[in-house]
Amino acid sequence: MIPASFDYEVAESAEHAVSLLAEHGDEAKLLAGGHSLIPMMRFRLATPTVLVDVGRLDDLRYINSDNGTVSIGALTRHSELEHSALLAESAPLLASVAALVGDPSVRHRGTLGGTLAHADPASDLPAAVLALGGTIVARGPGGDREIAATDFFAGYFESALADDEMIVEVRVAASAGGWNYQKFNRRAQDWAIVGVAVAEEGAGVSLVNMGSTPVRASAVEAAVAAGASAADAAAVAAEGLQPPSDLNADADYRRHLARVFTERALKAAGVA
Amino acid sequence: MTMTDDPATHMGSHRLRREDPALLTGEAQFIDDMSLHGEIWVGIVRSTEAHATILGVDGSAALEIDGVTEVLSGADLAPLWGEGALPCAWPVTDDMRNPAHLPVATSIAKYVGDAVAVVLADSRYAAADGAAAVSVDYDPLPAVVDIEAAVAEGAPLVHEDLGTNESYTWPLIPDPDAVDEAFANAAVVVGERYVQQRLIPAPMEPRGVIAAPGVANGELTLYSATQIPHILKVMTAVTLGIPEHKIRVVAPSVGGGFGCKLNVYAEEILCCALAMDRGVPVRWTESRSEAATATIQGRGQVQHIELAADANGKVQAVRVKLLADMGAYLQLVTPGVPLLGGFLYHGCYDIAHYSFECTSVFTNKTPTDAYRGAGRPEATYAIERAMDSLAVAVGVTPEEIRSRNFIAADAFPYESCAGLIFDSGDYQAVLDKAVEMADLQSVRAEQARRRADGSNRQIGVGFSSYVEMCGLAPSRVLASLNYGAGGWEAATVRVLPTAKVQVITGSTPHGQGHETSWSMIVADKLGIDPDDIEVLHSDTAISPTGLDTYGSRSLSVGGTAVFMATDKVLDKARLIAAHQLEANEDDLEYVDGAFQVKGTPTAAVPFAAIAFAAFTAHDLPDGMEPNLEAHVTYDPPNFTFPNGTHIAVVEVDTDTGNVDIVDYVAVDDCGNQVNPMIVEGQVHGGVLQGAAQALYEDAVYNEDGQIVTVNLGDYLVPSAAEAPIYRVASHVTPSPTNPMGVKGIGEAGTIAATPAVINAVVDALRPTGVTDVTMPASPQTVWRAINEAQGGAS
Ligand SMILES: Cc1cc2nc3c(=O)[nH]c(=O)nc-3n(C[C@H](O)[C@H](O)[C@H](O)COP(=O)(O)OP(=O)(O)OC[C@H]3O[C@@H](n4cnc5c(N)ncnc54)[C@H](O)[C@@H]3O)c2cc1C
Chain Y
1 MIPASFDYEV AESAEHAVSL LAEHGDEAKL LAGGHSLIPM MRFRLATPTV LVDVGRLDDL
61 RYINSDNGTV SIGALTRHSE LEHSALLAES APLLASVAAL VGDPSVRHRG TLGGTLAHAD
121 PASDLPAAVL ALGGTIVARG PGGDREIAAT DFFAGYFESA LADDEMIVEV RVAASAGGWN
181 YQKFNRRAQD WAIVGVAVAE EGAGVSLVNM GSTPVRASAV EAAVAAGASA ADAAAVAAEG
241 LQPPSDLNAD ADYRRHLARV FTERALKAAG VA
Chain S
1 MTMTDDPATH MGSHRLRRED PALLTGEAQF IDDMSLHGEI WVGIVRSTEA HATILGVDGS
61 AALEIDGVTE VLSGADLAPL WGEGALPCAW PVTDDMRNPA HLPVATSIAK YVGDAVAVVL
121 ADSRYAAADG AAAVSVDYDP LPAVVDIEAA VAEGAPLVHE DLGTNESYTW PLIPDPDAVD
181 EAFANAAVVV GERYVQQRLI PAPMEPRGVI AAPGVANGEL TLYSATQIPH ILKVMTAVTL
241 GIPEHKIRVV APSVGGGFGC KLNVYAEEIL CCALAMDRGV PVRWTESRSE AATATIQGRG
301 QVQHIELAAD ANGKVQAVRV KLLADMGAYL QLVTPGVPLL GGFLYHGCYD IAHYSFECTS
361 VFTNKTPTDA YRGAGRPEAT YAIERAMDSL AVAVGVTPEE IRSRNFIAAD AFPYESCAGL
421 IFDSGDYQAV LDKAVEMADL QSVRAEQARR RADGSNRQIG VGFSSYVEMC GLAPSRVLAS
481 LNYGAGGWEA ATVRVLPTAK VQVITGSTPH GQGHETSWSM IVADKLGIDP DDIEVLHSDT
541 AISPTGLDTY GSRSLSVGGT AVFMATDKVL DKARLIAAHQ LEANEDDLEY VDGAFQVKGT
601 PTAAVPFAAI AFAAFTAHDL PDGMEPNLEA HVTYDPPNFT FPNGTHIAVV EVDTDTGNVD
661 IVDYVAVDDC GNQVNPMIVE GQVHGGVLQG AAQALYEDAV YNEDGQIVTV NLGDYLVPSA
721 AEAPIYRVAS HVTPSPTNPM GVKGIGEAGT IAATPAVINA VVDALRPTGV TDVTMPASPQ
781 TVWRAINEAQ GGAS
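Taken in order, these protein sequences are the chains called Y and S. Quick note, the first sequence lines up with residues 1 to 272 if you use my numbering. Quick note, the second sequence lines up with residues 1 to 794 if you use my numbering.
Honestly, the hints are just simulated from the structure, not real lab data. In this text, a Cβ means the ideal position worked out from N, Cα and C, and glycines have one as well. Wrong hints could be hidden among the right ones.
Unchecked claim - Away from chain S, derived, C-beta distances all over 12 Å, residues of chain Y: (1) P3; (2) A46; (3) V194; (4) S229; (5) A268; (6) A272.
Stated by the list, open to error - Examples of chain Y residues toward chain S, derived with CB under 10 Å: (7) S5; (8) Y8; (9) D103.
Unchecked claim - Chain Y is faced by these chain S residues, among others (derived, beta-carbon under 8 Å): (10) F30; (11) M34; (12) H37; (13) A128; (14) D635; (15) N638; (16) D655; (17) Y696; (18) V700; (19) Q706; (20) Y726; (21) A729; (22) S730.
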């Protein structure tokens with residue numbers, strides 16, 4: 001398939017990118033790794049008339065850890081998360097989730113900012129950031145603002161970002177407790193049919209592809225907090241959720257999978 | 001003849017493929033890499049309806065787009081082809097119904113993807129934009145989607161004028177009474193129904209066409225990503241009435257085909273017709289989504305198979321009734337595909353009585369046609385699944401039921417109940433080797449342990465013993481099946497003045513490695529280096545005679561032609577050498593690339609000297625023509641019959657239904673091997689393609705005939721990450737049919753793997769009460785099968 005025609009601008013800095021967004025309004029889109037946007041354009045599900053390429057902003061590619069907070073630049077590639085020794089120590093859930101995104105070529109192009117902004121409920125890293133209770137730093141014409149991950153995902157492929165805002169950084173608390181990620185798919189390169197991220201021994205649990213956004217499994221978190229076993233906590237994993245139906249799984253099967261993988265993830269994260 | 005790892009010979013060695021450097025560096029030229037001066041692009045407007053009357057085509061919005069020059073409806077284009085419709089070369093019965101199939105529909109669209117209008121533009125982008133902007137007014141008609149529903153009373157009709165959805169019925173029942181009697185007397189009868197889902201071939205390179213006219217002389221060069229340039233040339237001439245000698249067809253590098261490029265497509269005829277009409281090159285490149293419906297699909301059958309056996313599980317008769325989905329039209333060999341399986345439903349078993357009947361059915365879907373294995377994977381699936389059911393009914397292991405029924409090693413040549421003469425084989429030895437490699441005892445011990453524990457990771461072992469008919473095909477046999485061409489293959493071996501060699505082959509590689517293999521064959525015979533041999537192909541101006549590549553025929557038919565042409569060259573060279581040595585030709589032997597009087601290496605004439613002498617013609621035997629070149633057309637006396645046993649070991653997660661192939665053993669007998677590395681590659685790819693049908697791939701249509709799986713996100717072609725670790729071995733029984741003793745390996749893996757994997761899944765689920773799973777055995781499908789078998793929620 002062939003995308004519709006568009007203009008292309010290279011951003012020199014995050015500020016420049018934001019000003020270009022402000023200039024072109026909702027006709028413009030940021031281009032980071034391009035591994036979600038370009039496929040959408042090829043299917044003509046997205047037809048931006050201006051692409052603002054932020055993929056060369058190397059100063060937004062970093063992973064730092066300071067005073068119990070891990071800060072990650074928005075243009076950091078999935079493969080950099082996957083292979084970061086610092087992350088393996090301070091937020092191992094993120095590193096291990098990154099390693100399960102797509103295939104190596106996807107991981108070398110896709111960025112953390114891009115996958116969060118794209119807000120695909122089937123994506124892996126958004127759920128991990130959610131389970132970790134992370135914060136998203138957005139830059140707009142008026143400066144930076146912090147958005148809690150729990151407030152960030154607004155709907156199906158919709159985030160709390162304004163049209164002229166760009167994610168510049170993602171912050172998570174350095175974690176120590178047991179964690180695990182379960183990703184269920186049919187081919188290694190595919191999105192999750194269902195995924196479950198567990199952080200801090202069940203204090204943070206989130207689900208992939210179980211609704212219109214990545215979702216916090218609050219019922220599971222509450223059950224764990226109240227001392228329930230992994231099996232009992234997992235039994236409420238799909239409570240209140242309206243998962244999608246597609247070729248791989250209908251809603252009922254998805255609910256079943258959410259329970260199975262929540263139990264497995266909780267156990268692997270150290271919940272008895 | 002022996003083929004060994006002896007470094008002095010090339011045949012039998014793991015020689016690296018000479019094709020790969022150009023492919024890996026991007027130097028190889030595919031259709032879409034080419035461009036011709038003055039070319040125009042075609043964009044095709046495809047039906048979004050499965051079945052609808054075309055009320056009107058409005059191109060006004062498209063014509064506003066920069067670069068779009070014309071919008072043409074089917075009616076506008078009709079004069080370009082006149083009476084000429086897309087060809088079907090295989091009218092399997094005299095009364096077969098074959099509706100006229102125009103390259104672009106004029107009044108009724110018959111499937112989603114059917115071409116209904118054409119946009120001409122100055123770029124591919126403009127052509128795509130233009131095609132998207134054309135609006136077509138449809139009046140929907142009821143769609144025929146399911147083949148069983150299609151033959152039910154009162155079903156809507158795909159082709160109203162035919163009065164039925166049936167194209168033909170083809171029976172192969174040598175002795176009906178004997179079959180009935182066998183069933184009447186059987187101690188055990190097994191009856192099963194299997195569904196072969198439709199598959200999308202999905203080669204790496206979609207199709208592409210450039211038609212370039214030679215205006216001054218009425219010539220036409222057709223570049224196409226095709227497996228069959230030679231057949232395409234004839235068919236283009238016949239369809240469009242262009243004199244055949246004015247047509248040249250070139251297949252540049254072709255990125256795989258799996259049978260789907262064994263066809264004459266609407267876009268080829270369309271581009272040729274437009275090029276001749278407009279006097280400029282006309283081109284089209286298929287998009288991946290377009291390929292889902294514009295290129296033929298594979299499989300699409302509902303199979304009913306019954307086995308009549310005695311109490312020991314010895315099968316006396318097999319009875320098969322098949323419904324085969326043709327799709328909306330008959331493409332080049334659509335109707336013949338089920339017949340290629342129709343001779344093989346008894347598998348590799350010595351079964352006395354045979355009954356096969358195929359009813360082929362039109363539906364409002366993309367036409368089906370040959371897809372890797374073409375009929376034989378379907379047949380193998382049915383018999384191999386049914387043999388496992390029989391094993392359960394009789395209470396023996398799958399390997400035991402097979403052993404009790406195998407054609408014995410000393411029975412070859414063996415005349416099958418379907419009337420074929422099987423060439424050679426030792427099916428029991430092959431199975432024994434596979435069993436040993438699979439370490440069946442420990443696998444079964446682990447299986448028993450997990451069953452006893454009620455583990456949520458159940459293990460299953462699946463067998464598949466197969467035999468296939470390859471080397472298509474003896475021309476007379478094809479005649480008896482009403483096929484519209486022969487099955488021979490041609491080769492020329494041309495020795496150049498400097499003793500370098502050109503091999504011109506009529507078979508048409510699109511990934512198989514002919515250049516490597518053919519050069520090895522010739523190098524060994526001539527005693528020269530394979531690098532001194534060039535293999536030319538896939539251009540009818542260079543290789544004018546040939547019947548192309550499909551049906552695992554290249555080596556056993558095309559390679560044999562090369563082998564024989566090389567012999568002919570050597571015969572002539574021998575005469576020249578005898579002349580120079582003033583010796584009797586019968587006293588000469590050819591050793592290390594030189595003729596010598598037997599046992600006298602001192603007086604030897606090297607090949608290079610003979611080549612040069614043939615070129616100068618200064619001193620040749622009286623009456624001999626100059627130059628050293630030979631042409632052979634080889635018509636095989638019989639098919640070849642590769643066979644093997646594959647064993648899949650799977651682990652099923654009974655909580656989720658997920659299936660993992662944890663071990664895969666393949667033992668194949670493809671006769672002698674020219675290049676075992678290429679053989680292994682064919683097995684690896686073939687097995688994954690077969691496993692893909694078992695576990696992943698499915699061309700899904702909804703009840704309105706809309707296809708749902710139009711991209712590779714939804715149509716699950718597995719990748720290397722899903723591939724099992726293959727353990728591959730061979731057992732060689734040379735085929736007596738051809739001088740190299742080769743059989744063919746291009747389709748074997750695909751034929752064997754599907755039933756091996758499904759048999760393994762069913763074996764794993766046996767404790768849950770599951771006796772069959774539909775393909776593909778996706779996690780959801782398996783999970784539901786378990787729930788249903790256990791009477792629980794589904
Ligand atoms: C074959 C394939 C398989 C994949 N498999 C998976 C998988 O298994 N799991 C998974 O989670 N993902 C998967 N992906 C998606 C991949 O992870 C994407 O790269 C990622 O989702 C988006 O990141 P990107 O940098 O490529 O964003 P882009 O595609 O460049 O952009 C995506 C969207 O985000 C916006 N955007 C980008 N950067 C920013 C920013 N800094 N601030 C604000 N908006 C921004 C863009 O404007 C656009 O709307 C796969 C992709 C492919 C092609």
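### Query
Does S229 of chain Y sit more than 12 Å from chain S, CB to CB?
holds, 17 Å
### Query
Was the hint right that A128 of chain S lines chain Y, CB cutoff 8 Å?
With a closest approach of 4 Å, the A128 of chain S hint holds.
### Query
Taking the least C-beta to C-beta distance, is D655 of chain S closer than 8 Å to chain Y?
holds, 5 Å
### Query
Once the closest CB in chain S is found, is it more than 12 Å from A46 of chain Y?
holds, 15 Å
### Task
So, F30 of chain S near chain Y? Judge it on the closest CB pair being under 8 Å.
Violated, because the Cβ-Cβ distance from F30 of chain S to chain Y comes to roughly 18 Å (cut-off 8 Å).
### Message
Hint S730 of chain S vs chain Y: min CB-CB distance below 8 Å?
### Response
violated, 30 Å
### Message
Does N638 of chain S hold up as a contact with chain Y if the rule is Cβ-Cβ below 8 Å?
### Response
Where the cut-off is 8 Å and the nearest Cβ of chain Y is about 41 Å from N638 of chain S, the hint is violated.
### Query
Are Y726 of chain S and chain Y close enough, Cβ to Cβ, to be under 8 Å, as the hint says?
Violated. Min distance 17 Å.
### Proposed interface contact between H37 of chain S and chain Y, which counts if any beta carbon pair is under 8 Å
Check failed: Cβ of H37 of chain S comes no nearer than 23 Å to chain Y, outside 8 Å.
### Query
Quick one, is the Q706 of chain S hint okay against chain Y at 8 Å, beta carbons?
Hint violated; Q706 of chain S Cβ to chain Y Cβ min 13 Å, cut 8 Å.
### Query
Hey, does the A729 of chain S contact hint survive, CB to chain Y under 8 Å?
Hint violated; A729 of chain S Cβ to chain Y Cβ min 27 Å, cut 8 Å.
### Message
Checking a non-interface call: every C-beta of chain S should be farther than 12 Å from the C-beta of A268 of chain Y. Is that right?
### Response
holds, 15 Å
Hint compliance for this structure: hints 1, 3, 8, 10, 11, 12, 14, 15, 19, 20, 21, 22 are not met, and every other hint is.
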